[in-house]
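Student: Sequence:
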Amino acid sequence: MPEYHPDDATLRAAERRALEALTQLIRAAGPGSHLICAVAHEAGNTALRSVCPFSISRDDETGLTALEWCSEGLRDVHAVFCAAFGATPVTTACVLMRTITNTGTTVRGWLLRENWLVPISEAEVFKAACTGLGGERLPPEYGVTYAAGVPLGPPPLT
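Per the numbering used here, the very first residue in the sequence shown carries number 90; after that it's consecutive.
Hints listed in this document are in silico derivations from the structure and should not be mistaken for laboratory results. Possibly wrong hints are sitting among the right ones.
Unchecked claim - If you anchor each label on the Cβ, the simulated ranges turn out as follows: (1) Thr-99 to Pro-228: 21 to 29 Å; (2) Gly-133 to Ala-236: 28 to 36 Å; (3) Leu-222 to Thr-112: 24 to 32 Å; (4) Glu-150 to Thr-220: 42 to 50 Å; (5) Gly-232 to Gly-133: 36 to 44 Å; (6) Leu-227 to Leu-156: 27 to 35 Å; (7) Glu-150 to Pro-228: 38 to 46 Å; (8) Asp-97 to Lys-216: 32 to 40 Å.
Glycine included, C-beta positions come from ideal geometry on N, C-alpha and C.
Kindly produce the complete structure, drawing on both the sequences and the hints.
Tutor: Have a look at this one:
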């Protein structure tokens, strides 16, 4: 297989899509503690994986919202997103987001389709969350709700 060398325009577009995807996922998350898990499979079956914990809190008195995140995790997820959006030849990519609130734990998911993240069904989230890195089946976690991903806004034009 020939080496892949994207041009500058492709790299800039991948960077913009990665940043917009992260921004939209964080906005969609809502209050709680969250963990974004991103996996992109390159040609040759190499997988890029990363996780980023973050939390969103809202002060009911002031109405202010606070966002805290792990800088290293955010950088790593951004790198996987850049790869998925064209910086490297990726065959598939998936994002799962675990949300923990005082009402419980929910896992939602998205797949890369047509160069953007699109929500997947509850069944697809369950299958993705209950499959190990080597493809083995894992039991579902007690008390976790597996739910369809929420639609994100449109991707950047370029």
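Student: Decide, hint by hint, whether the structure agrees.
Tutor: These are the hints, each one checked on the structure:
no., hint, result
1, Thr-99 to Pro-228: 21 to 29 Å, "violated (41 Å)"
2, Gly-133 to Ala-236: 28 to 36 Å, "holds (33 Å)"
3, Leu-222 to Thr-112: 24 to 32 Å, "holds (28 Å)"
4, Glu-150 to Thr-220: 42 to 50 Å, "holds (43 Å)"
5, Gly-232 to Gly-133: 36 to 44 Å, "holds (38 Å)"
6, Leu-227 to Leu-156: 27 to 35 Å, "holds (30 Å)"
7, Glu-150 to Pro-228: 38 to 46 Å, "holds (42 Å)"
8, Asp-97 to Lys-216: 32 to 40 Å, "holds (38 Å)"
The earlier numbered hint that this structure contradicts is number 1, and it is the only one.
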